[in-house]
Each structure stands twice: as C-alpha cells, then as structure tokens.
Amino acid sequence: MKAEAQALKGHLDVLLLAALEPGPRHGYAVKEALREGSGGRFDLPTGTVYPALHRLEAAGLISGTWSHTDGRRRRTYELTEAGQRKLAGDRVNWHEFAAAVTTLLDRQPWPATG
Amino acid sequence: MAGHRLIDAAVTDLARHLPADAVDELADGLTETYLQHLSTGLDPDAAARAAIAEFGEPHVVIAAFVRQSPGRRAAQALVASGPAVGGCWAVAMVTGHAWNWPVPAPVRLALGLGFLAVVSALALAATARHSYRRTRITGAAGLGLMTLDAVVVVGAALLSLTVTWPLAIATAASLTRLILTARVVPRLLTG
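Those protein sequences? They're chains A and B, same order as listed. Each residue of the first sequence is one higher than the last, beginning at 1 in the working numbering. Each residue of the second sequence is one higher than the last, beginning at 115 in the working numbering.
Just so you know, the hints here were simulated from the structure itself, not pulled from any lab data. Quick caveat, the model's predicted, so the values are computed rather than measured. Among the hints, a few may not be true.
[Claimed, not checked] If you only want the chain B side, here are some residues facing chain A, beta carbon under 10 Å, derived:
#1 ASP122
#2 GLU139
#3 ALA177
#4 TRP213
[What the hints assert, rightly or not] Computed footprint of chain B on chain A, listed as stretches where at least three residues anywhere in the stretch have a Cβ under 8 Å from a Cβ of chain B:
#5 38 to 49
#6 52 to 59
#7 67 to 73
#8 84 to 90
Just so you know, even glycine gets a beta-carbon here, dropped at the ideal spot from N, CA and C.
Generate the whole structure from the sequences, applying the supplied hints.
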C-alpha cells in the first residue's frame, strides 16, 4: 500500500535526512532509498523530492555538489554536521513519540467512565 | 536530453518555468527514471510514459518547486510580520503627532506609493502557486522594504522631538526586520 503524500507531511524532512545518512546520493537515488527502505510504502512522485532537497540545502542541513554523468549534470547531496545533529534529535523524538503511541494502543481496553 | 520526445518535451516544459540548475537536476532524475523503466524491458514509448507518471507531470513538479521556493517562503514571512511592524509604527506616529512633522507632500506620497508597491509585490510572491517567476519578485520587494524601513527609521529619528517608548519599539522592530531581510535578499536576488 502506498502512503498518501499527505500522510508524509511533517515527516518528509527527517526521512530525506535519513536517506542521506549512509552517504551522498542524487535526487533519484534518494527517492529510491525511501521507496526501498519503506518496502514500497513511501513512493513519492520523484519530481517533488527535489524541491524538498533544495529547501533542506537552503536550511544548511544538506549540501549539494555538481558532477557529470553520461553527459548529464548531476547534483549529489550529503548531510552536513547540522543535518546530522537534526537527524539525531528527530530520531530520538520519534522513538519517544512512537513508544508512547504504541504503549497506548497496546493497552487493554480502557474502562468506561461515568 | 534523454533521446525520447516525451522526456524531452517534459524537460522543455520544466525549462520554461524553473531555474536552469533545477532543470538540469530534474532532467537527470527524469532520464534516470526513464532508463530504469527501459531496463525492465518496456519499449521506449511505454518507458517514457511510465517515467513521467512516476516522476510527476511537469505542472505537479513546478507547483512543488513554487510551494517550497525561498522567494515564496520569505514573502510569506514578511507579509506575516507586516501588521506587527506596521502596528508599532502606527502607535509611534499617533503618540508622536507625526502629522505635525515637516515632511513635504511629495515625500509622503512617494513613501505611500512605495509602501503599496512593496506590499503588492510581496502579496503576489506569497500567494504564487504555479509561477516560479512570481516568487522571484521577493528579492526586489525585499530591497524596497529595507529602503522603506531605513527611510522611516532615519526620518523618525531626525523629526521626532522626543524619544518615546512606542517610537523606540517601532524603531527596534524595523531594524530587526531590516537585518533579517538583508540576510535573505542577496540569496533571493542571485538564486
């Protein structure tokens, strides 16, 4: 099942940062890493990943460099130190949030009130 | 170009609306997507159609770029901060009886028209949805806003007979906005 783009809203930045954690990637490779890493669940329109990468670059969380591949200009991105710190912080926050939600959802049915 | 007319047409469409660097990057991604589909055994036409479907139609990609463009985001921030800064100046001028300041009518008119032009330009950029070009107005509008802030701050300092708390707050608000705007305007003008 593919996730709606709307469902990713608010999480896209940290997912893009996580996709770049193993090492530098160009836009299409980032999108593929998201798709493969989520078992096909996060299959975004490729073209919409690029403006998000540009926004992260403008924020100083990733940096891009140009190269040439098969006669085409290619921009490859990697995490900056600020991006690594942001990813680490967001990861901790997410684990705490997910643990709290899991605890609530796995509880026995709550007693009725009133 | 990728060598398929559908891919080339999509890149040409993107090039009409987006900056050259972004188009080069998108062309690389679209070509990569096309080659990926070709490698699965699709014929070139089917691979090109599948690539565009996976990549997103040009208008979808352009809208995504416009939504996240630095010009649009900066314009939205400036429009949002406008009422607060303007409110500070309104209070400062009322309490300081600014209508008695010896400012020639042509200067008042020029300031008023300049203010309207800047606000209109920022509103256009902040509400852009499909035109990247519109978001680029923010650079020039930001310069105009910095000029207006500087003129008002200097003018008020020279013309006000006494320093009041409202005037000090309004001046601080304008200077803060001026400094923050100066940090983003160069990137907007060269980007």
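Each hint, compared with the structure:
no. : hint     : in the structure
1   : ASP122   : violated, 13 Å
2   : GLU139   : holds, 5 Å
3   : ALA177   : holds, 9 Å
4   : TRP213   : violated, 43 Å
5   : 38 to 49 : holds (count 4)
6   : 52 to 59 : holds (count 4)
7   : 67 to 73 : holds (count 3)
8   : 84 to 90 : violated (count 0)
Taken one by one, the earlier hints fail for this structure at numbers 1, 4 and 8, listed in ascending order.
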